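Novice: Given chain A's structure and the hints, the job is docking chain B onto it.
2 protein chains.
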Amino acid sequence: MQAHLTHQHCWNSLPSPSVREAASMYSTAVAIFLVILVAALQSSEPPESPFPYHILLDPDGILELSWNISYVQEVIHFQLKVQGLRAGVLFGMSDRGELENADLIMLWTDGNRSYFADAWSDQKGQIHLDAQQDCQLLQVQRTSDGLSLLFKRPFVTCDPNDYLIEDDTVHLVYGILEEPFQSLEAINTSGLYTGLQRVQLLKSEVPTPTMPADVQTMEIRAPDVLIPDNETTYWCYVTELPQDFSQHHIIMYEAVVTEGNEALVHHMEVFQCAAEFKSFPLFNGPCDSKMKPDRLNYCRHVLAAWALGAKAFYYPEEAGVAFGGQGSSRYLRLEVHYHNPRNIQGRRDSSGIRLYYTATLRQFNAGIMELGLVYTPVMAIPPQETAFVLTGYCTDKCTMLALPTSGIHIFASQLHTHLTGRKVVTVLARDGQERMVVNRDNHYSPHFQEIRMLKKVVSVFPGDVLITSCTYNTEGKKLATVGGFGILEEMCVNYVHYYPQTELELCKSAVNDGYLQKYFHQVNSFNNEEVCTCPQASVPEQFTSVPWNSYNRDMLKALYRFAPISMHCNKTSAVRFQGEWNLQPLPEITSTLKDRTPNCPNGQAVSRTSPATVINWGQG
Amino acid sequence: MQAHLTHQHCWNSLPSPSVREAASMYSTAVAIFLVILVAALQSSEPPESPFPYHILLDPDGILELSWNISYVQEVIHFQLKVQGLRAGVLFGMSDRGELENADLIMLWTDGNRSYFADAWSDQKGQIHLDAQQDCQLLQVQRTSDGLSLLFKRPFVTCDPNDYLIEDDTVHLVYGILEEPFQSLEAINTSGLYTGLQRVQLLKSEVPTPTMPADVQTMEIRAPDVLIPDNETTYWCYVTELPQDFSQHHIIMYEAVVTEGNEALVHHMEVFQCAAEFKSFPLFNGPCDSKMKPDRLNYCRHVLAAWALGAKAFYYPEEAGVAFGGQGSSRYLRLEVHYHNPRNIQGRRDSSGIRLYYTATLRQFNAGIMELGLVYTPVMAIPPQETAFVLTGYCTDKCTMLALPTSGIHIFASQLHTHLTGRKVVTVLARDGQERMVVNRDNHYSPHFQEIRMLKKVVSVFPGDVLITSCTYNTEGKKLATVGGFGILEEMCVNYVHYYPQTELELCKSAVNDGYLQKYFHQVNSFNNEEVCTCPQASVPEQFTSVPWNSYNRDMLKALYRFAPISMHCNKTSAVRFQGEWNLQPLPEITSTLKDRTPNCPNGQAVSRTSPATVINWGQG
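Heads up: the sequence lines are chains A and B, in that order.
In case it helps, my numbering puts the first sequence at residues 1 to 620.
In case it helps, my numbering puts the second sequence at residues 621 to 1240.
Only chain A is shown next, with the shape it has when bound in the complex:
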């Protein structure tokens, strides 16, 4: 597959009438396509407002996407810049980044004329014109090194072949056409150079608090790392705060990505080490290195996290993250995830995170609380499941004990699973009724974990229940996937960022082990003791020996829906709040939230334009 698309033979062979001359072609209809001139489009729309969001779509930086959001009109304006365009480009969205069943816009040439259309790919990757054209082309411009497209798209189109743009992760897909196609239907995505990029398109636009006059910055950056030519590298770098660094509030942070490496730096996190150790070795190397000191496992308290596409993270005006001072470790660990699928060699990088902090402490300390499942093998997912759900609870009993009467206010959230996680949601329930979604990602990817500002702050009061559910896909597995710390084990966690900080660090659950043992006993009795799920075996061993027929799968689901739970209602990872936390009843939920489905029948505004657009532009 050709990587660099610098030649332009197809493009050069296009007739290049001026924009004015193009008007004479208005009445020429090509096949089923209605002709709309770019000239007309260009004159009818004023240039768009600047685009606050940018991302490179491909590792070579051929495609650059910028966008802005109108929450009032529920419309996104996209600007797509293409370098060294050959014969066309496709761009779109799909459920999980596949090129099949994707919602696409297509720019292509038949060698003579060029077209723009709203399209979709079927389950075999073949491309079809959308019956309803919802992507409106506003501008096509030659640039010095390629082309720039400007188009807009409503969040909701009511076209069943279109992607529904929601608050969560969006898998953008792209492809490059290297030769002309006689028609749209002649294109199959399987023959193209394609890829995907994940992003949250509908970012929160909470107004940015102004920085105080005494704001200072500190960069936690990798020290001139030679990026390994492996697809995946987690780089670990330990550094320390100055001696006698007093307590400050982090009030904002942002990524500092070395120029040219934008497509390689996937995500970064800064962790604070545990205060219980006086010092930590200043390690600098791959996180999976055998040389990495074990003590670094105690550097897990998240101070800042950034992922591809994320902008600067601002704390609310009334809160900041305390760091420095008494009772807090001076040691910080930076983790950089390099994603280098093309195995580029010799690239050097000094990316990291820039912390903005102030000595003038804000009203509240911000805190991070862990919701979801305890890291224990008793919560497991059978193999070959397409959408198995595990749920962790933060019960009313725990919030009653640990939260102040005035409540806490969650303003941001970071969802976390390991490799089989596909969806994550946390819902708040009060008086047995689900009331609101704290954070939901129906297109969650373990490869894209950002801290997201909530569009609306969620207040949690004593007695409230927080229910975190994760959906897993284990189609690729032969054995059960148990809960745990390992990358091949699973987690279900929502790190919520809130204020005022409380002692509650962890509010999670797992099924009661005694009930799980009853399940294994049942599996055994149903299978005539052919399978050893003996209690002497470890829980992972027991899960490994379960024969995964539909009955044993359904029973496990039924067990997780029914059995009492063990709660972790903890101050720090070891210290529990006082009380009985074993054999707790599952929270009773009498009414659940319904999925918000867009209200399409009653004349949802959709922009319908002509079936396809013939485009022309002057040559650079």
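Hints are computed from structural coordinates only; laboratory data are not their basis.
Any given hint could turn out to be false.
Here are the computed distance ranges between Cβ atoms for each label pair [what the hints assert, rightly or not]:
no.	chain 1	residue 1	chain 2	residue 2	range
1	B	Pro832	A	Pro160	24 to 32 Å
2	B	Arg1181	A	Ser350	53 to 61 Å
3	A	Pro160	B	Leu1203	56 to 64 Å
4	A	Asp513	B	Lys744	46 to 54 Å
5	A	Arg435	B	Asn732	43 to 51 Å
6	A	Pro404	B	Ala1007	39 to 47 Å
When the alpha-carbon atoms are kept at most 27 Å apart in a straight line, the in silico DSS-like pairs for lysine-lysine are as follows [as the list claims (entries may be wrong)]:
no.	chain 1	residue 1	chain 2	residue 2
7	A	Lys518	B	Lys1138
8	A	Lys278	A	Lys397
9	A	Lys594	B	Lys1214
Because the structure is a prediction, the values reported are computed rather than measured.
Built from N, CA and C at the ideal position, the CB exists for glycine as well.
Specialist: Frame of chain A, contents of chain B only:
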């Protein structure tokens, strides 16, 4: 509650302008109501074609409904005749005949003026105007003894407050307003005289075959029965065919209902007795009488069945039901279900069924095959379930053995459950894929079991699978409901009428008993042997001792989805086809049919008229 509404004081107080005079009122708008004159409506629509379908809605015959169907326009025209109208009437449809959450048309007066509107009742029975008026009033006429309304309604309106009219049972509801109401919103259905009537509105309009010249008729009628003044009576009457009655084909039958008793005769069936007994006692009395000879239990082979609202039943031109002649019993049993909720006394009845038959045998014998579940307690429904599904299978192994290569052709179907049945559906699967619905009733009522002509004949070939699922509501029960013959036990059956007749009379399944015992063993082990579900106990006793928590419910569902089945692939109720029928695998279904949802977004044609209509009519 007043039963007979012969006075008309409110109605008499209405001004009674002639239709012509009414034109002067055109511009008067009352409150939010737009005025549309009946006069104008009358002139704009030609008189409708005759109404082939009729039904009395209430036991007193105050409300008579007639209708016709346009399958091309997907519209029903209704004619509602009201006797002795006081202050108004409501008519409509709801899920199961309740007056809450009903889709209604309302005719009411405020004492001065009268109105017609498309409306709906909320969950408390309060009535509201529909935002979208889909019932179009075409004519209002005074009659000698009341009023006649003509209106039309599309099958599908896309109004979420409207009922979706489908092929299956429709629960019609009605109510009589005895006094004026100042507004629609002031009406609550709970204060009215109301009721329900079940009917299949969208009847099959398969063209009626012409009767041959030699057609003869025979009436099987109750001999001048004094209808008991109980709400429910099943009357049994045994009669016999003439000596030496040779084989004939029944090619049609229809109900003969004694005039005046239309509202009391609920359903009737004619059964042929078993050929194995030479004679049967000529019993005539209530079917539950202690005097009824036990031998009548052998009169179960259905020859004809009629239920309220059903028209004549015609066999396809190429087939008829063989009766008479060698190897067939001369004895017939008529069963009449009298429904007398108002305990009317002294009414005499000679209703029955008129058989049309011919000595010129048709090409094929028609047969009846029983699909669904075996009558056995191993198939059970836990108590307090709102929609528990049991499924019976007719497997490929059985159809392979029993059906001719050219297949059989199902042209009619009668669904059957006992009192907790709420839905029944039979689906045909081929090569592991569900292909078509044989018959479905999502509003099935055990009180309304008709033989229905299929709109499309379904051909079944060797290797096909027929899957019959019944949905039960056991909210009123404290103990499990097991399968069986008793009225408090349950059944799940589809009697399909087909030709050419085969030896296969019964193709049904039930869960393997050994696997059910494993389930009981599991229930026991999970509950620490607190509950005795010992195998010495009978299956109903075992089900009675299950503690019905969510785990045991889910496990039972999982068992029915997983466990092997025992097949009844029978020639007559005792004789099985040769082969191994125990421990059969459940049919594997890889793709299921989707529920057809009406395609509303893309401009489904709905008739929108004014919010409400002020009506006037001349006084009789």
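Novice: Indicate, hint by hint, whether the structure satisfies it.
Specialist: Cross-check of the supplied hints:
1. Against the hinted window of 24 to 32 Å, the Cβ-Cβ separation of B:Pro832 and A:Pro160 comes to about 52 Å, which falls outside the hint.
2. Against the hinted window of 53 to 61 Å, the Cβ-Cβ separation of B:Arg1181 and A:Ser350 comes to about 57 Å, which satisfies the hint.
3. Restraint check, A:Pro160 to B:Leu1203: a C-beta distance of roughly 44 Å breaks the suggested window 56 to 64 Å.
4. Under the hint 46 to 54 Å, the C-beta atoms of A:Asp513 and B:Lys744, about 47 Å apart, fit the expected range.
5. About 48 Å separates the C-beta atoms of A:Arg435 and B:Asn732, a value consistent with the hinted range of 43 to 51 Å.
6. At about 43 Å, the CB distance of A:Pro404 to B:Ala1007 agrees with the hint of 39 to 47 Å.
7. Proposed proximity of A:Lys518 and B:Lys1138 is supported: the alpha carbons are some 15 Å apart, at most 27 Å.
8. Proximity of A:Lys278 to A:Lys397 is assessed by CA-CA distance (about 36 Å); at most 27 Å being required, the pair is judged violated.
9. For the suggested pair A:Lys594 and B:Lys1214, the alpha carbons sit about 21 Å apart, so the restraint of at most 27 Å is met.
Comparing the model with each numbered hint stated earlier shows that hints 1, 3, 8 do not hold.
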